[in-house]
Amino acid sequence: FIDNWRTYKRVIVYRNSKINIHAISWFWCLSMVYTTQFSLFALKYLGANTKVFSLLSVLYTIGLGIGAIYSAKHFSKNTLNRKLVPVCTFLISLLTLVVLINNHTPIDNLVGLSDFMTKKHLIDILALISISVCSGIFSIICYSDLQINATPQIRSQTIAVNNWFNSFYMVVLSLILIV
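Under the numbering used here, read the sequence shown as residues -8 to 170, first letter to last.
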C-alpha cells in the first residue's frame, strides 16, 4: 500500500491527472452499479422481459459507441474538450435520477418489446441512450487527458495508479452495498 501511495503522490503532481484518476474511478463505480443492478431494475421496475433487457443492453452499447466516436472524432482534430466532462457527469447523474424517479414502483407483470415501446417508456429509452452517449464521451476524454498529461517517464505508473484506484473505489462501493 505504501508503494502505491508514493506512486500516487508522484503522479498527482499534475492536477489534471489527479482529477482524471478520481473521475475515471467514479465512472467505474457507477458502471459497476449499472452492470450489476440493471438487469434486476429492468425486471422489477420496468417489467422488462429478456428481449426488452437485450434491447436496452444493445441501445446502451450503441450509445457508448456513439459517444466514443464523437470524442475520437474531435480528438483526431487535436481538440480535447475537457469542458464536456462536468457536463456529461451532470447529465449521467441527472438522467439516472430521471429513470429512477420515473420507475419507482415495482411492476408485477413482464412486458414484451411491443408493450415496452410505448410513450410511457420513451423517456426511459431516451435517458438510457443519453446516459450511454455521455458515458462514452466522458470516458474517452478522461482517459485521453490522463495519458496526454502524463509525462512519458511516468505514463505507465499513471495508468497503474488509475487502475489501482478503480479497483479501490469498486471494493469500497461493494462493501458499502453489502452493508
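Some hints here could point you the wrong way.
Claimed, not checked - Ranges between beta-carbon positions, derived for each pair:
no.: 1; residue 1: Lys0; residue 2: Leu117; range: 20 to 28 Å
no.: 2; residue 1: Thr70; residue 2: Arg6; range: 30 to 38 Å
no.: 3; residue 1: Gln138; residue 2: Ser158; range: 29 to 37 Å
As the list claims (entries may be wrong) - Cross-link-like lysine-lysine pairs, in silico, DSSO-like; alpha carbons within 27 Å at most:
no.: 4; residue 1: Lys9; residue 2: Lys74
no.: 5; residue 1: Lys110; residue 2: Lys35
no.: 6; residue 1: Lys0; residue 2: Lys111
no.: 7; residue 1: Lys9; residue 2: Lys68
no.: 8; residue 1: Lys0; residue 2: Lys42
no.: 9; residue 1: Lys0; residue 2: Lys110
no.: 10; residue 1: Lys64; residue 2: Lys9
no.: 11; residue 1: Lys0; residue 2: Lys74
no.: 12; residue 1: Lys64; residue 2: Lys74
If you're looking for bench data, these hints aren't it; they were derived computationally from the structure. Glycine is no exception: its CB is placed at the ideal position from the N, C-alpha and C atoms.
Cross-check of the supplied hints:
Judged by the Cβ atoms, the range 20 to 28 Å given for Lys0 and Leu117 is violated: they are separated by roughly 43 Å. Taken as a hint, the range 30 to 38 Å is violated for the pair Thr70 and Arg6, whose Cβ atoms sit roughly 20 Å apart. One distance hint, 29 to 37 Å for the beta-carbon pair Gln138 and Ser158, is violated here, with the actual separation near 19 Å. Proximity of Lys9 to Lys74 is assessed by CA-CA distance (about 16 Å); at most 27 Å being required, the pair is judged to hold.
As the CA atoms of Lys110 and Lys35 are separated by approximately 19 Å, the hinted pair is consistent with the 27 Å bound. Taken as a hint, the Lys0 and Lys111 pair is broken in the structure, with Cα atoms around 49 Å apart against an allowance of 27 Å. For the hint linking Lys9 to Lys68, the alpha-carbon distance of about 25 Å falls within 27 Å, and the restraint holds. A distance of roughly 48 Å separates the Cα atoms of Lys0 and Lys42; the hinted pair therefore is violated under the 27 Å criterion.
Note on Lys0 and Lys110: the hinted pairing is violated, with a Cα-Cα distance of about 51 Å set against a maximum of 27 Å. This hinted pair checks out: Lys64 and Lys9 have alpha carbons roughly 25 Å apart, not beyond 27 Å. The suggested pairing of Lys0 with Lys74 holds, with an alpha-carbon distance near 25 Å, which does not exceed 27 Å. A threshold of 27 Å between alpha carbons decides the hint, and for Lys64 with Lys74 the separation of about 16 Å falls inside it, so the pair holds.
Hint compliance for this structure: hints 1, 2, 3, 6, 8, 9 are not met, and every other hint is.
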